[in-house]
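First to last, the sequence lines map onto chains A and B.
Number 455 in our numbering belongs to position 195 of the first sequence; there are no gaps in the numbering.
Number 381 in our numbering belongs to position 121 of the second sequence; there are no gaps in the numbering.
Calculated from the structure, these hints are not laboratory results.
Keep in mind it's a predicted model, so treat the numbers as computed, not measured.
Incorrect hints may appear among the rest.
Put simply, identical chains are the same to the list, so a pair is met inside one copy or across any two.
[Unchecked claim] Calculated lysine-lysine pairs in the DSSO-like style (CA-CA distance at most 30 angstroms, straight line):
| id | residue 1 | residue 2 |
| --- | --- | --- |
| 1 | Lys-385 | Lys-477 |
| 2 | Lys-366 | Lys-503 |
| 3 | Lys-304 | Lys-366 |
| 4 | Lys-385 | Lys-453 |
| 5 | Lys-453 | Lys-422 |
| 6 | Lys-287 | Lys-385 |
| 7 | Lys-457 | Lys-503 |
There are 2 protein chains.
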Amino acid sequence: MNKNQLTEAILKKKSYLCVGLDTELGKIPPHLLNEPDPLFSFNKLIVEATSDYAVAYKINTAFYEQYGKKGWESLERTLEIIPDDCFTIADAKRGDIGNTGDMYAKAFFEHYSFDSVTVSPYMGKDSIQPFLNYSDKFTIVLGLTSNSGSADFQMLQTPEGKLYEQVLSKVASWGTPEQLMFVVGATRSDLIKQIRKRLPDYFFLVPGIGAQGGDLKEVSLEGMNSECGLLINSSRGIIYASKDVNFDEVAAANAKELQVQMQQFLQLKNIL
Amino acid sequence: MNKNQLTEAILKKKSYLCVGLDTELGKIPPHLLNEPDPLFSFNKLIVEATSDYAVAYKINTAFYEQYGKKGWESLERTLEIIPDDCFTIADAKRGDIGNTGDMYAKAFFEHYSFDSVTVSPYMGKDSIQPFLNYSDKFTIVLGLTSNSGSADFQMLQTPEGKLYEQVLSKVASWGTPEQLMFVVGATRSDLIKQIRKRLPDYFFLVPGIGAQGGDLKEVSLEGMNSECGLLINSSRGIIYASKDVNFDEVAAANAKELQVQMQQFLQLKNIL
Chain A
261 MNKNQLTEAI LKKKSYLCVG LDTELGKIPP HLLNEPDPLF SFNKLIVEAT SDYAVAYKIN
321 TAFYEQYGKK GWESLERTLE IIPDDCFTIA DAKRGDIGNT GDMYAKAFFE HYSFDSVTVS
381 PYMGKDSIQP FLNYSDKFTI VLGLTSNSGS ADFQMLQTPE GKLYEQVLSK VASWGTPEQL
441 MFVVGATRSD LIKQIRKRLP DYFFLVPGIG AQGGDLKEVS LEGMNSECGL LINSSRGIIY
501 ASKDVNFDEV AAANAKELQV QMQQFLQLKN IL
Chain B
261 MNKNQLTEAI LKKKSYLCVG LDTELGKIPP HLLNEPDPLF SFNKLIVEAT SDYAVAYKIN
321 TAFYEQYGKK GWESLERTLE IIPDDCFTIA DAKRGDIGNT GDMYAKAFFE HYSFDSVTVS
381 PYMGKDSIQP FLNYSDKFTI VLGLTSNSGS ADFQMLQTPE GKLYEQVLSK VASWGTPEQL
441 MFVVGATRSD LIKQIRKRLP DYFFLVPGIG AQGGDLKEVS LEGMNSECGL LINSSRGIIY
501 ASKDVNFDEV AAANAKELQV QMQQFLQLKN IL
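Using the sequences and the hints, build the whole thing.
Right, dumping it as structure tokens:
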């Protein structure tokens, strides 16, 4: 799925919602634990219930890795049932040099056919280039994250702005908005405004709405560009909204509630 | 395996060699491709041939991930046949916040029983803490890496030294040398001397010997502390030294050659 197709999906569904499939056995409705592949069964019902309201699904690979090869199998099966009009993100936060970077890129873009993968910038250009070499895929680089630890290093002053600002500007010079996005945490909407000014054309993947305290309206209005340019993620607020048998209906209702708000913000910004 | 046991193994084997199992189907001897699990068969022969000379094995997870669940199976089987007196490293360069960090730590320390895992520092303390919570395991944090891209961000000036110096000092304040190590690239031995002065007691995992141009003698003499405190990794120079049927004997010879040099350096520094 390329940038135009993603923007078309946003306009069609009137939504820039990304649903995070942070699926764990301990948190899914107990009645699913008897299924042969509970993680997959849960994800399938969640995807079916929410795909009218979501334009993207983010699979947090850690949650699957913890179960070893069985977890990777659940991930693979989940990926297969995500509809073609939804953008898929491997939230893996990988990053390694040349040869090893190539392997990671191959794993996520070829073995699993993800549209995108999240990458950590600490090792610099030759750790990001292997992903950028897939010009029909998206590399999503950590810019400013939404956790408290982002203050430890990302906020350090460098000769040309804070470290995260250096990361955003330098990495943006390595790839176009057609193949590169940034993770921009939602807990500081004042910063999102500045970051959007710095990078008018790139998509931002925004975690931190809901549980982490980001405000959907502020983030949306400050962070959008003229064609939206945002994917806002919600995980727990949707997928774990209920543990009852009808959990998928509750998930759908919560996703729809976000979609309705997003539609308003798209209208406010004259994008719809 | 704890710090004392690792140091004992170094003294016993007169070696601080770590063998990197960067195993790929395209590079292993062709006759192994007929085996049911070629990656595992290759690793088994390499480990059996080199474990007299190596104190650690580093499994680069990217190489296994690229083959999906079959790759994770090979990784799991490999881990089972590494002898108990060898330290095991998951070179995974993970790093994510609280909940997700917990999953990664659980994956590598519980599902797979690695002694250690490599972690990227970009997201700060709450992305490293989940690993440090396993106080009987080692968290190996990227400090200064050996690739050209390390200049992009790690070398940026901050109010208190370069970014990598800030990372080393700050992360060291979060964990003791009994549970924390650092990745320190070997291509700049002048820097290793300074880093050893900054962190006298921590183990350093040093990639970049051989193919990446690091000098074993310089790095050893500048980087050792009073009880060694080094693990120096070699991957391609050992495991891909030959594609012939006797590749394991060639690997053993190359590992032994490094061990003999390491023994000299340990003696030069009065550790043996």
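Treating 30 angstroms as the Cα threshold, decide for Lys-385 and Lys-453: within, between, both or neither. both (26 angstroms within a copy, 26 angstroms between copies)
Reference check for the pair Lys-366 and Lys-503, CA-CA at most 30 angstroms: within, between, both, or neither? For Lys-366 and Lys-503, the Cα distance is within 30 angstroms only across copies (24 angstroms; inside one copy 36 angstroms).
Up to 30 angstroms CA-CA - Lys-385 versus Lys-287, copy category: between (38 angstroms within a copy, 26 angstroms between copies)
30 angstroms Cα cut-off: does Lys-453 pair with Lys-422 within a copy, between copies, both or neither? both (15 angstroms within a copy, 28 angstroms between copies)
Within a copy, between copies, both or neither: which one fits Lys-304 and Lys-366 at a CA-CA cutoff of 30 angstroms? both (25 angstroms within a copy, 25 angstroms between copies)
My question is about Lys-457 and Lys-503: at a cut-off of 30 angstroms on alpha-carbon distance, are they close within one copy, between copies, both, or neither? Neither: 42 angstroms inside a chain and 54 angstroms across chains, both beyond 30 angstroms.
Cα distance capped at 30 angstroms. Does Lys-385 pair with Lys-477 within a copy, between copies, both, or neither? Only across copies: Lys-385 and Lys-477 sit 29 angstroms apart there, 34 angstroms inside one copy, limit 30 angstroms.
The structure fails to meet hint 7 from the earlier list, while all remaining hints are met.
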